[in-house]
Amino acid sequence: PGSDFFKVMEKEIGHLPFIAEDLGEITPEVYALRDEFKLPGMKVLQFAFGDDMAQSIHIPHNYPVNCYTYTGTHDNNTLIGWFENEADAQNLKRLKQYTGKKISAENLNWTLIELAYASVAKTVMMPMQDIFGEDEKARMNTPASTNLNWSWRMLPGNLNKQLQKKLKKMALFYNRA
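If you read the sequence shown in this note's numbering, its first letter stands for residue 312, the second for the next number, and so on.
Fair warning: there could be bad hints in the mix.
As the list claims (entries may be wrong) - Just the calculated beta-carbon pair ranges, DEER-fashion:
id : residue 1 : residue 2 : range
1  : P375      : F484      : 19 to 25 Å
2  : N377      : T410      : 20 to 26 Å
3  : K476      : E395      : 26 to 32 Å
4  : S415      : F484      : 40 to 46 Å
5  : T453      : A482      : 38 to 44 Å
Stated by the list, open to error - The list that follows gives simulated cross-link-like pairs (lysine-lysine, PhoX-like), each with its CA atoms no further than 25 Å apart:
id : residue 1 : residue 2
6  : K480      : K433
7  : K477      : K413
8  : K433      : K413
9  : K318      : K349
10 : K322      : K433
11 : K407      : K477
12 : K476      : K412
13 : K433      : K479
14 : K412      : K480
15 : K480      : K407
16 : K407      : K349
17 : K476      : K433
18 : K318      : K413
19 : K412      : K322
20 : K433      : K318
21 : K480      : K448
22 : K349      : K412
Hints are computed from structural coordinates only; laboratory data are not their basis. The beta carbon of each residue, even a glycine, is placed where N, CA and C say it ideally should be.
Please put together the full structure from these sequences, using the hints given.
Structure representation (structure tokens):
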């Protein structure tokens, strides 16, 4: 939709409760439309540690306040799946440089979750699979594939008291409660 659509929506409902999915190959017109209506964009931490890390729009030090940050989206591997199968040695080296931590499958998910919480992003989003430290078997969706998409389910009891306390503590510490 173009500017006229959003003007009508804004007139009818006031503040537009939308998130602009500004990922992938986006034209300048899309960015202009997003900015004209002050729609928050998306930042994905898995995309932050490439060759262009210092200038990446996905690295927390470059975030605008008006954005949503994600550890990953429904179309990405889980953080652990990314770590074990997709991140190369240079990605992991840059991740270590950025966080000051030796990164392993045991601490990756909470290291990136904390980066997201500590950022200036308006809102932090993370798949439950990342909170639980699930590997690639818990991936939600693989674009251009029909195999096992959308089959992962959170089970009763997965979000146990220990995880609830950890998330609450982090939310309070980073003023996100």
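C-beta pair P375, F484: status relative to the range 19 to 25 Å that was hinted: 22 Å, holds
25 Å Cα cutoff - pair K476, K412: Holds. K476 to K412 sits at ~23 Å (cutoff 25 Å).
Agreement of K349 and K412 with the hint, judged by alpha carbon distance not exceeding 25 Å: Status violated; Cα separation ~35 Å.
Consistency of beta-carbon spacing, T410 to N377, with hint 20 to 26 Å: The hint (20 to 26 Å, Cβ to Cβ) holds, given that N377 and T410 are roughly 25 Å apart.
25 Å limit on alpha-carbon distance, applied to hinted pair K407 and K477: 23 Å, holds
Restraint status (C-alpha distance of K412 to K480 at most 25 Å): 21 Å, holds
Range agreement (Cβ of E395 with Cβ of K476, hint 26 to 32 Å): 27 Å, holds
Pair hint outcome, K322 versus K433 [Cα-Cα no greater than 25 Å]: Roughly 24 Å separates the two Cα atoms, so the pair holds.
Agreement of K433 and K413 with the hint, judged by alpha carbon distance not exceeding 25 Å: With Cα atoms ~28 Å apart, K433 and K413 exceed 25 Å; violated.
25 Å limit on alpha-carbon distance, applied to hinted pair K433 and K318: Distance of about 23 Å is within 25 Å: holds.
25 Å Cα cutoff - pair K318, K349: 12 Å, holds
Pair hint outcome, K318 versus K413 [Cα-Cα no greater than 25 Å]: 48 Å, violated
Checked against the numbered hints above, the structure breaks hints 4, 5, 8, 16, 18, 19, 21 and 22 and satisfies the rest.
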